[in-house]
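Given next are the chains, with one letter for each unit.
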Amino acid sequence: MKDYFALIFSGGKSLIVGMMITLREAFRPVVTVQYPREKLPISPNFRGHTILIRDNEKPEKHRCISCKMCERECPSNCIELAGEKREGVKGMVLITYRLDFTKCSLCGTCVEVCPTAALDFSKVYQHVGFAREDFHYDLLAMVEEEEK
Amino acid sequence: MSPEMPTGFFPPELLRILFTVICAIVIVFGNAVVMGYLERKLAGRFQRRPGPMEVGWHGILQLAVDGVKLVGKQLMVPKQTDKVLYRLAPIISFAPAIMPMVVIPFAPNLQGRDFDIGLIFILAVVAINVLAILIAGWSSNNKYSLLGAMRSVAQNVAYEIPMLLTLLSVILVTNTFSLRGIVEAQSGGAWFIFFMPVAFLIFFAATLAETNRAPFDLPEAESELTAGFMTEFSGMGFSLFFMAEYTYMFIACSLTTILFLGGWSGPPLPYGEYTSALWFFAKVYSLLLVMIWIRWTFPRVRFDQLLNFCWKYLVPFSLVHLLVTAVVVKL
Amino acid sequence: MTTIAEQGEHRYVLNMGPQHPSTHGVLRVILEMEGEYVMDPQPVLGYGHRMHEKMAESRPWPNFLPNAARMDYLSALIYNHGYVGVVERLAGIEATPRAEYIRVITSELNRLQSHLLWLGVLVLDLGAFTPIMYTFEDREKILDILEDVTGSRLTYCYMRVGGVVRDIDDKFVEGTREFIKWQRSRMPMYDKLVTGNIIFRKRIEQIGEFSPDLARRYGLTGPVLRGTGIPYDIRRAEPYSVYPEFDFEIPTETTGDCMAAYLVRVREIEQSLRILEQALDKLPDGPAMAKVPKKLKLPAGDACYAVESPRGELVYHLTGDGSDTPYRMKIRVPSFSNLSLLPELCRGMLLSDLCACMGSLDLVIPEIDR
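Residue numbers (my numbering), protein chains in the order written: chain A, 1 to 148; chain B, 1001 to 1331; chain C, 2001 to 2370.
The set of hints was computed from the structure by calculation and includes no laboratory data. Please note that a few of the clues may not be correct.
To be verified - The following label-pair restraints were derived from C-beta to C-beta distances: (1) A:R24 / C:G2229: 47 to 55 Å; (2) C:R2217 / A:S122: 46 to 54 Å; (3) A:M20 / B:V1320: 52 to 60 Å; (4) A:F27 / C:E2140: 18 to 26 Å; (5) B:V1153 / A:V33: 38 to 46 Å; (6) C:R2217 / B:L1289: 26 to 34 Å; (7) A:V31 / C:L2154: 56 to 64 Å.
Unchecked claim - In silico PhoX-like cross-links for lysine-lysine, where the CA-CA straight-line distance does not exceed 20 Å: (8) C:K2202 / B:K1312; (9) C:K2192 / A:K13; (10) C:K2192 / C:K2181; (11) C:K2054 / A:K103; (12) C:K2202 / A:K13; (13) A:K39 / A:K90; (14) C:K2141 / C:K2171; (15) A:K39 / C:K2202; (16) A:K68 / C:K2295; (17) A:K68 / A:K90; (18) A:K2 / C:K2294; (19) A:K2 / B:K1312; (20) B:K1312 / A:K13; (21) C:K2294 / A:K68; (22) A:K61 / A:K90; (23) B:K1143 / B:K1083; (24) C:K2054 / C:K2330; (25) A:K103 / A:K123.
Just so we're clear, the structure is a prediction, and the values are computed from it rather than from any experiment. All C-beta atoms, glycine included, are put in the ideal place defined by N, C-alpha and C.
Throw the hints in and build the complete structure from the sequences for me.
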C-alpha cells in the first residue's frame, strides 16, 4: 500500500519535472536554420565534388598532365579523362575530364594521388538536376568557364 | 415555450436554430484550424524549431493550404475494403462532433439549447466516436488499422468509468445535469477545482485517454501501428478524422471547464451576457495548450499499462472520491 | 515450430517492415501474432545487401576505404579505423603516434554522436517526439567539429593506412573541449526528461530480459551484452590503437533488460567524454601520416583487427595473397548477432515491447545486410 502511493507521488513528480524541462526549452531560442533563406557558413575543408584548380601560370589554366592516376585509383570508376599529344607542347594536353558525380563517394583518393596537385574539392553542396546526365560534370569546361 | 409563438416566415425559433447550427459548424472548423496551427507551432517551440514559417506571416495560412491539399486529393478506396463502411466511418466520427456544440453554454446567453440532461447528452453523443473508429479499423481490412481500432475500443470503454464516476461527484453537489446549472452552481469563483482537485486530475487524465491524446494515443501509435485506424485513410477521409479529433478535444476541454473551472465565470466584462464567452474560450484553450504540452513531452504508455492505470488508480480513486463527496454533501 | 494452421485461426501474420517507422531502415520482421502478442518474430534480412565483402575482394585494397563508411553510417569513423587497422596489421605498418591519437579522438566523437542519435530514436520509438530534437542539437555540434576536419558529415573517409588524411588544428581541439563541457551540462537534463520519466521507465524496465548465458550463445556484444553484467569491451579486452593509455571505465548493469542497455549507453557517453579529455591533453606532436610505400602490396597471410563500435564488436579479417587485392575479407558486424537474438527475446511479447526491444538493440540495418 505504501509502495502504491509512493509510486503515484514519484511518478507524478517525474512527469511534472519533464514538463518543466520542455517548457523551459520552449522559451529558449530556436536552433534550426530556415534553410533556403538563411545559410550556414561552410567549413573551408568541406568536400564537394572535385574540381581542377585554376592556375593562371599554366598555358591551359590548370595543372593536369593527363597522367590518369586519378582514373586508375578511383574506387567508383567515376572519372573519365583523355589527353592528346599536341605539336609544340611538352607532354599531354587534357581534352576531356568527366566526373560522374552520381557514382562518386567523395573519398578524396583522386586528390591525394594527383602528382601535380591539380585537383581540389569544391564547396558546392546543392546539386539539382532532372536527369542522371546532369551530374556528369565536365571539370575542364568548369575551369574554362571560370575565366569568363 | 410561450403560447403566443410568432408565425412569420422566419419565426425567431427557426432563426435561433439556424444561428446555432452555423455557429456550431464555425466553431468546429475554426477550432480545427486554430488547434492545427497551435499544435504545430507549439510542437516546434518545444523542439527548439520555429514550426511552419512559409505560408503567410509565421505560417499562419499553413492550415488553409493543407486543407486545400486534402480536399483536392483523390478519394482512395483501397481494394478489399468494405466500401460502404469505409466511406461512412469518417462521417460517423465527424457528425457527432458537431452535436455537443448545441448544449455547451459559452456564455449566459450563448447556448443553443439548455437540456436538463445536457451532460448526459454530450457523453452519449461523443461515445459514438468509438463506433466510428471501430468501423474505420474494421472496414480498412488492414491489420494495423484493426489493432488500432481494438485498442481504441478497450481504452474508451475503460476510461468512461472513472470519467463518469468523477462526474457523479460534481453532480452530487450541483443536483443537476444541466450544463448551465452546473456553471451557475460555481458562480462567484467557487470553482469545483478548488474543492475537488483530485477529481479534476482524474477527469483530465480520462479525457486525454478518451480523445486518444498522448500519452494515451495508442489507437494511432505511429511508431508501432504506423497510423493505427487511420492508416488507410487519405484526403478528406483523413481530414474528417483529424478535425473530429480536435473537436473532441475541444468538447472534452469544454466539459472540464464547465465542470471544474466555472464555465464562463470570470471578472465581469461589458455586455457580460455575451462577452463572457471570452473567459470560457480562454479556459478551454489553456486546457488545450496543456494537452499539447503533454503530448510533446511524454512517451506513450503501453496497452496493459493504460488499462492498469485506469483500473488500479483512476477507478479506485474516483470511487473513494465519490464516497467522500457523498458523505460531505450529506453532512 | 507449429504452423499457423495448427494453431487455429486466432493467429495471424503481421508484416512489420520493410517500411515501418520503428524498424529504422529496410528491416522486415514477420510477426506471428496472437491478438497484440507477438508469438514468433522472424527477421528477414538482405534488403540492403551490397556485397561489401565481395567488393573488397575484387578490387585493390585502397578502393575499399570509402566502403567502410557505408556499412554502418552511424559509426563511419570507427569502421574506417577497423579497416585501416587490419591493413596496417597485415602489412606491418605503424601509424604515427599523433595519427593514433587523432583516430581515437575522432572515433570517440563518432561514438558519441551514434549514442546521441540512439538515445533520441529509442525515445521516439516509445512515442516521445521531443528528446530526439534535443539530442540532435548536441549531435549537430559533433558533426560540425568532424566536418571541419574530415570534410563530410556522415560517411567519412578520413583514415588512411599510416595515419589520417588531414591533421587536426587548434580549432578542432578547442571545439572538442567546448563540446565536452556542453555535453556534460546537457546530461542532467536528459536524466530528468528521459531516464527519470515514470512512463519511460515503465516501458523499458524488465522488458526483454535475457541472461548472460543466452547473450554468450548468440554472440552478443556491445552495450547489450554489458547490460547483462559481462564487462566485455574490445577497448579493454583486446586493446587497440592507444586505448590502453587512457583511464576509463566499462559501465555494466546486471539486469539484462532494455533499461540496462539504456543505462550502459548513457554512462558510456560520459566515459567517451573522459577519453576525449585525456586524449586531447596527451595529444603528441609530429606528423599525422607515416611513410607508407606508394604501391603497397598485401603480404600473404591473415590479419584480424577488432574495434569496439557503438553497437559492439566489429572484426575485420583480411587474407592477403601477395597482390594488392585482398584474397578474402570477412567482416563481423555487431548488429547482425544482436538482431539474431530477436526471435528468442521477443517471443510472447507485446507489439509495443518489440519496438522498445529493437530500439534498445540499436540496430543499423545496412550494417546487418552489408
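Comparing the hints with the structure gives:
no.: 1; hint: A:R24 / C:G2229: 47 to 55 Å; verdict: 37 Å, violated
no.: 2; hint: C:R2217 / A:S122: 46 to 54 Å; verdict: 52 Å, holds
no.: 3; hint: A:M20 / B:V1320: 52 to 60 Å; verdict: 29 Å, violated
no.: 4; hint: A:F27 / C:E2140: 18 to 26 Å; verdict: 20 Å, holds
no.: 5; hint: B:V1153 / A:V33: 38 to 46 Å; verdict: 45 Å, holds
no.: 6; hint: C:R2217 / B:L1289: 26 to 34 Å; verdict: 52 Å, violated
no.: 7; hint: A:V31 / C:L2154: 56 to 64 Å; verdict: 19 Å, violated
no.: 8; hint: C:K2202 / B:K1312; verdict: 15 Å, holds
no.: 9; hint: C:K2192 / A:K13; verdict: 11 Å, holds
no.: 10; hint: C:K2192 / C:K2181; verdict: 19 Å, holds
no.: 11; hint: C:K2054 / A:K103; verdict: 18 Å, holds
no.: 12; hint: C:K2202 / A:K13; verdict: 15 Å, holds
no.: 13; hint: A:K39 / A:K90; verdict: 45 Å, violated
no.: 14; hint: C:K2141 / C:K2171; verdict: 13 Å, holds
no.: 15; hint: A:K39 / C:K2202; verdict: 42 Å, violated
no.: 16; hint: A:K68 / C:K2295; verdict: 16 Å, holds
no.: 17; hint: A:K68 / A:K90; verdict: 17 Å, holds
no.: 18; hint: A:K2 / C:K2294; verdict: 74 Å, violated
no.: 19; hint: A:K2 / B:K1312; verdict: 14 Å, holds
no.: 20; hint: B:K1312 / A:K13; verdict: 19 Å, holds
no.: 21; hint: C:K2294 / A:K68; verdict: 16 Å, holds
no.: 22; hint: A:K61 / A:K90; verdict: 15 Å, holds
no.: 23; hint: B:K1143 / B:K1083; verdict: 17 Å, holds
no.: 24; hint: C:K2054 / C:K2330; verdict: 9 Å, holds
no.: 25; hint: A:K103 / A:K123; verdict: 18 Å, holds
Of the hints listed earlier, those the structure fails to meet are numbers 1, 3, 6, 7, 13, 15, 18, in rising order.
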